[in-house]
Amino acid sequence: MSAKQTNLLQGTLDLLILKALGPGELHGLGISRRIEQITHGTFFVKPGSLFPALHRMEEAGWLSSSWGDSENNRRAKFYQLTRTGKKQLEVETEQWSRVALAMANALKAT
Amino acid sequence: MNLWLRIRNILRNLLRKQQMEGHLDDELRAYTDMLADEKIAAGIPPHEARRAALAELGGIEPVRQKVRDTRAGAGLERLWLDVRFGMRQLWRNPGFTITVILTLALSIGANTAIFSIVNALMLKSLPYSHPERMGTINTHITGPVSSDERHKINGEQWELLRDNVPSLISAIASGRTSGLNLQSGSHVQYLQAGRISAHYFDVLAVHPILGRNFSEIEDLVNGPKTAILSYNLWRNTFGANPNILGKPILLKSAPYTVIGVLPEGVTTPLNADLYTALQESRKGEGAGTNFQVITRLRDGATWQQADAEINHAWSLRTQRYELEDNPGAQVSFYSVPLQQGETATLRPQILTLMLAAALILLIACANLAGLTLVRVLRRTPEIATRMALGASHWQIQRQLWIENLLLALMGGIAGIATGFLALRSLLLLLPEHFLPVADVPLDGRVLAFTLLLSLLTSVLFGMLPVLITRRFDLRSAIANRADSASHLRLRQALIVSEVAFTVVLLAAAGLLIRTLIHLQTLPPGFNPTGVMTARASLDDVRYHDPATFQKMLDQSVAAMRQIPGVQQAAAGLSLPYERSLVMGGLPINDGKEAGQKVMTSETYVTPGYFETLQIPVLAGRTFTAEDGPNTQQVAIVNQTFVRKFFHGENPVGRHVNKDIMIIGVVEDVAMAPGIDAVAPLMDEQMLYIPAAQVPPSLLAMAHVWFQPSWIVRTSHPVEGLTSQMQHAFASVDPNIPFSGFYSMHDLLAKTLVMQRVEVALLTTMAVLALLLSAIGIFALVANIVTQKTREIGIRIALGSTIRQAMTHIGSLGATAAALGLVLGLILCVAVLRTMQSVLYGINTYDLPTILAVVTTLSAVTLIATTLPALRIARIDPARTLREE
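Here the protein sequences line up with chains X and A, keeping their order.
Counted from 1, the first sequence has number 11 at position 11 by the working numbering; the numbering is strictly sequential.
Counted from 1, the second sequence has number 226 at position 226 by the working numbering; the numbering is strictly sequential.
One should not assume that every hint holds.
[Unchecked claim] With a straight-line cut-off of 25 Å between C-alpha atoms, the simulated DMTMM-like cross-links for lysine to aspartate or glutamate are: (1) A/66 to X/94; (2) X/77 to A/443; (3) A/17 to A/61; (4) X/46 to A/48.
Quick caveat, the hints were computed from the structure, so don't treat them as lab data.
With the hints as extra help, turn the sequences into a complete structure.
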């Protein structure tokens, strides 16, 4: 855990998880590590937030899961994006970009 | 998330719970293992790596719980847990649970049964198409003598309405069905015939399955004699013969042609076996107010239009019209919706019952509020403990709400069952054709009403404990179990209201019981014991001839005198305890009232009538066989007649109706009043004439409306006589069946059936109310004792006697009960005035009733307060103090 880690903004967890799963299926720890990696260590998702979010998103039909073997032969649950999940990723990405742009503009204003 | 997905998730989560949990455990274990692997790879020793991984997870259980909470259906599952906990709580307090469910079952059952009747009579639409466009016409009469509303009209009024009100299709019917005989082959049958005008079935929008409705031609006086059969008569008597149209049938010993058959299951306001054309006229039976109008609004017309047309038509005639019983009266007409018209006579009774049922419900609510309050107070330690362990106010309240809803649900189901049973027994209690509806179902509206009622009571009584827990102070609850003053006052207020409502119900029931006793013990004016009566229809063309009629009466009475054990026999057009023919315009010839035209009840009787009924003769003589068609016309009057029209002077030898001489005065007998039913039994002015002197015009007309009765007096049990009476009658005319046998006591019971039903219903409700408030008071006082155990212990320890302690507690309940009694009596003054129209012979403020109510209620409250107070004797002051 680095000192620069920031608390997750409201509503960003779903987007991060969807984004992390974009390239392919990952297990829980894998998702966690991937989020750290793509945010350059800014965000660290605790298991207490990660697992409820994964189960909620699976129930919503964005993710599907299957059991498989990990790189060091542990039996783990792997998550992947469904078609709805991919669509959701596009929608949320577009939304977030708009908000981010708006925020950036707001901060630039004098 | 779409609905289908959500339902699938909920079902999966609930049904495959074990598997879901297993998978979650596996997933979390894999996560921890992999995390540990990472750490080992980074050079941390294995056992330390594992501990660090677990620490980073933050404990398996909290994560597991968080996942469970996000799953679909988690709320349902929590609810289910609460419900199960609630059920266990209720199960652990069977006394409380059973009392509450019983209270709900009884109070909601009573309301369900009464509401079903209200629903069937007043809310359900009539079984006709567009019932809202159907109506009847009433008259409103204001005159110097009296003003009243009437539901029936006469022939002249009918002709006026029929011809001058274009907005309405109108028809009339004789107000009641009349009994007549149908002969088919050797089989004779007594039927109820509805006499109706053309367009009657057009108004009802009923079309025959065979043939046609009556037309204007059949409506003409002396028009063709035709009949329309009900489906049941067509099937049962005529074997559903499809070729029946145009066939003659023998009605009243005359051939009638069948012109139509009604569809199966058709109901009409008359519900007759067959229908004949009324052939109304202004003369004859059209002279009296005998007809009931039924109307349907034509397309595009409005009721306002119709009313305006009715009154315009009537205004043209006002000058020429005079009511015999109300000279100089102003008459106006107005339309009434058919449903309202049909149920008008039952409305006061039904509203009384609804009020009673509502009072029961209020008592039940007070009761339940008290019971749940007591229970919440008793559960103080449990609730305090749960709050100390971190339960929020909301969680505690939620739990209490769930328990109340569970009780409401069980009580509601029990209430529907009770209501169903109560309704069935109530309908058995009612005589046939008592309610003007075919069926009183427990339909969707009744069930919705019941459900609403149980939820409402649940909200009402569930509210109290919830309000209390909101103010619940944890610290004081644990530190000090003593009761606060506001709770004591609340419980006393509940006792006050229970007692007050019970007073009203007891008083209402008491007044009705006193009325029934008064009516049943009225001196009947004759000796009813040992008299059997049998009725037959003489509406028969053969008996329009006075000589044949006379011969048949003589022979049949003589045949009945031959029955072993029979002491006397006679016949008459009507009997005591019954309605009799009312005639207007009877002139009094001499005496102080000479020239006056009066209204009187009238009946013909055979010689021996007064002897058979043992009606005392006060002056003059009774009829003999010598009073025949060719001798001096004679009459006998009763005391009321003498009092009203001769100012108490002896009328014997005076004349009425030109040359009819009064030859005797007899005692008044109890009768059902003729025109407006002001009381079920009263003394009416009565004119008796000998059957041998009945004018032919009256003979034909009277038998349309009245079926004469044969009476025999016997020393044997009367029930054994029926077959012998029928046999004796058949020896004279085998084609006339008796329509019913009644002992005189049966007739009295029949006349008082409304009163008996009212008494039975209201008494049941009053007893229910008494029971409910007794339970309520007992529970509340018992709780006061429990709550004050400590205080009483201290009092006794300080030297107070047990008697003093009991008096102290008892007085808390007794003061409240006394206050309730006073409040109840005040409430009676306001409420019972509405009962005046159903009380006879007693005052609304009847002292014996009030005394009986006060005594009963005092006794019951005394017992209900004393029993729990007796527990004080078992209080051990030393132990009470040690417990502190």
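Hint-by-hint comparison with the structure:
1. A/66 to X/94: Violated, at roughly 30 Å.
2. X/77 to A/443: 55 Å, violated
3. A/17 to A/61: The given pair, whose Cα atoms are some 16 Å apart, holds under the 25 Å limit.
4. X/46 to A/48: 20 Å, holds
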